[in-house]
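Single-letter residue listing:
2 protein chains.
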Amino acid sequence: MKTANGESVLGRVVRIFEVFGSEVTALGVSELARRADLHVATASRLVERLVGYGWLQRDEDRKVRIGVRLWELAARASPTLPLRETAMPFMEDLHAVVGHHTQLGVLEGDEVLFLERLSSRKAVINLTRIAGRLPLHASSSGQVLLAFAPAELQQRILDGPLRAYTPATPTDPKKLRTRLAAIRRDGYALCPGYIDEAATGIAVPVRAPDGEVVAALGVVVPNDANARMQVPALRAAALGISRSLIR
Amino acid sequence: MKTANGESVLGRVVRIFEVFGSEVTALGVSELARRADLHVATASRLVERLVGYGWLQRDEDRKVRIGVRLWELAARASPTLPLRETAMPFMEDLHAVVGHHTQLGVLEGDEVLFLERLSSRKAVINLTRIAGRLPLHASSSGQVLLAFAPAELQQRILDGPLRAYTPATPTDPKKLRTRLAAIRRDGYALCPGYIDEAATGIAVPVRAPDGEVVAALGVVVPNDANARMQVPALRAAALGISRSLIR
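From first to last, the protein sequence lines are chains A and B. Using UniProt numbering, the first residue of the first sequence is number 1, and each one after it goes up by one. Using UniProt numbering, the first residue of the second sequence is number 1, and each one after it goes up by one.
Hint data in this document are derived by calculation from the structure and do not stem from the laboratory. Any given hint could turn out to be false.
Remember, identical chains collapse to one label, so a pair may be satisfied in a single copy or spanning two.
Computed list of lysine to any residue pairs in SDA-like fashion (alpha-carbon distance at most 20 angstroms, straight line) [stated by the list, open to error]:
(1) K174 with L190
(2) K63 with P79
(3) K63 with L83
(4) K63 with R34
(5) K63 with I246
(6) K175 with A151
(7) K63 with R15
(8) K174 with A149
(9) K63 with P82
(10) K63 with L81
Note that the structure is a prediction, hence the values are computed from the model and not measured.
Turn these sequences into a full structure, and let the hints guide you.
This is how it looks when you write it as C-alpha cells:
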C-alpha cells in the first residue's frame with residue numbers, strides 16, 4: 001500500500017478526485033473508497049489529509065465534498081480564465097438578445113469542455129454544464145472545434161465510435177466529414193435535435209488574433225424554424241471576443 | 001526527501017499549487033521549485049507526474065501552468081457551483097441595470113472569496129478577481145459577511161491587524177463594530193473609498209431559505225453621491241437569489 005517514491009500516493013489522490021462529478025458531489029468515505037478502488041483505511045487517511053489542506057471538505061453529515069480551496073487554487077490561475085473573462089461581456093449581451101442558454105467551450109482531449117454557461121430559467125433543455133463535457137461529433141460546439149482541429153484528431157473521432165443520442169445525431173463518418181467542411185465554409189454549425197430532439201445547438205468559432213480557433217461560442221434554442229435566425233448574433237459576438245483577445 | 005507514508009509527497013504537491021495565483025500563472029520549473037521551497041529535482045519529478053495527470057500543463061515555452069483538468073475536477077463538483085448558478089441570472093440583470101462590476105462572494109477562512117465577477121470594460125477600478133480574496137474589514141462584501149458571522153470570527157478580525165488601504169478604510173475596532181451593527185440593521189454595507197479612493201463598494205446579504213447568510217452580493221461603482229441609489233436594485237436581486245435557492 002505504501003511506496004517509497006510517493007508516486008502511488010499521488011495516483012490515489014488523483015483517483016479520489018476523479019470520483020467526483022456533477023452528479024456525484026458528496027460521498028461517504030466508504031463509498032468514496034469503493035469508487036476510487038482504494039482500501040477504506042487508505043482512503044480515510046488520504047481524505048483526512050486532504051481535508052486538512054482544504055482540498056476536500058466535510059459536510060455536517062460527514063459526507064466528503066470537493067473543497068472550496070481546490071476550486072480557488074485551480075480557478076485563480078486557470079489558463080482559460082483570460083479567455084472566459086474576455087468572452088463574458090459578449091456572452092451576456094448575446095444571452096440577453098437570444099434569451100436561451102449561451103455557452104463557451106474549448107477542445108480538451110477528445111471532447112468539448114464547457115468553461116461557462118449562461119442559462120435562463122424558462123429556456124429549452126440543455127445537457128451542458130459548467131465544467132461539463134460533450135462529444136465532438138454530436139454537439140454544435142464540438143463540431144465547430146472538430147472542424148478546425150488537426151487532421152489526426154478528426155480522423156480519430158471519425159473512426160468512432162460515434163454514439164447516437166437521437167435519430168438525428170450524425171453517426172456516418174462520411175457525412176460527418178462533409179458536415180465539417182460545410183462548417184469551415186459557412187462559419188457555423190447548426191445541429192437540430194442532435195443531442196435532444198427538442199433542442200437545436202448552434203455554434204461558431206472564436207479565433208485568436210493569429211486566426212487559430214481557440215473556442216466555440218454556442219447557444220441552445222428550441223428545435224424549430226427560427227433557430228437559424230440566431231446565427232448573425234452569434235457570429236457578431238464571436239468576432240467581438242476575437243477582437244478583444246490579447247495573446 | 002522521501003517518506004514511507006506519503007504525507008510529505010502530498011504536502012509538496014500542495015506547496016506547488018499554492019505558488020500559482022492570479023499574478024503568477026506560468027513559471028519555469030526552477031522558479032517554481034524556489035517558490036515552493038523544494039529541490040529542483042524533486043519539483044521536476046512531481047511536475048512531470050502532475051503534467052501526466054493533467055493537473056499541470058506545459059506551455060510551448062516549457063513554462064508550467066495549472067492544468068485545465070484540475071479546474072474541471074474542482075469546478076464540476078464544487079460545493080459553491082449551485083449557489084453561483086442560482087445567482088447568475090440575477091447578477092446578469094443587476095449588471096445590466098447598474099452597469100458596473102457585479103460580484104458574488106462567500107466567507108472562506110478569514111476573508112471573502114469571490115465566486116463570480118461580471119465586469120464592464122469601461123467600469124471603475126476593481127481589485128476583485130474571480131477566485132480572488134479581499135479582507136473582511138475593508139471590502140463591502142467582507143463587511144456584510146462579517147456582520148452576520150459568528151461572534152468568535154468577528155472578535156478575531158476586530159483584534160486585528162486591520163490594514164488601511166486608503167485613509168477611509170475602517171481600522172478602529174470600536175467603529176468597525178458599530179458599522180457591523182448598522183449593516184445588520186440596514187441590510188447593506190456602503191463602503192466609499194475603503195479599498196480604492198475612486199470606488200465605492202456596496203454589498204447586501206444573500207440568505208438561504210433558513211435565513212442563514214450564505215453569500216454577499218456586491219457592486220463596485222464610482223465614489224460619488226449616486227452610489228447609494230444602487231442599494232434597492234441590489235436588495236431586490238439578493239431577495240430573488242434567496243427565493244431561488246433550494247437547500
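Verification of the supplied hints:
no.: 1; hint: K174 with L190; in the structure: within (18 angstroms within a copy, 62 angstroms between copies)
no.: 2; hint: K63 with P79; in the structure: between (31 angstroms within a copy, 12 angstroms between copies)
no.: 3; hint: K63 with L83; in the structure: between (34 angstroms within a copy, 19 angstroms between copies)
no.: 4; hint: K63 with R34; in the structure: within (14 angstroms within a copy, 37 angstroms between copies)
no.: 5; hint: K63 with I246; in the structure: between (43 angstroms within a copy, 19 angstroms between copies)
no.: 6; hint: K175 with A151; in the structure: within (16 angstroms within a copy, 66 angstroms between copies)
no.: 7; hint: K63 with R15; in the structure: within (17 angstroms within a copy, 26 angstroms between copies)
no.: 8; hint: K174 with A149; in the structure: within (17 angstroms within a copy, 61 angstroms between copies)
no.: 9; hint: K63 with P82; in the structure: between (34 angstroms within a copy, 17 angstroms between copies)
no.: 10; hint: K63 with L81; in the structure: between (30 angstroms within a copy, 17 angstroms between copies)
In terms of the numbered hints stated before, the structure departs from none.
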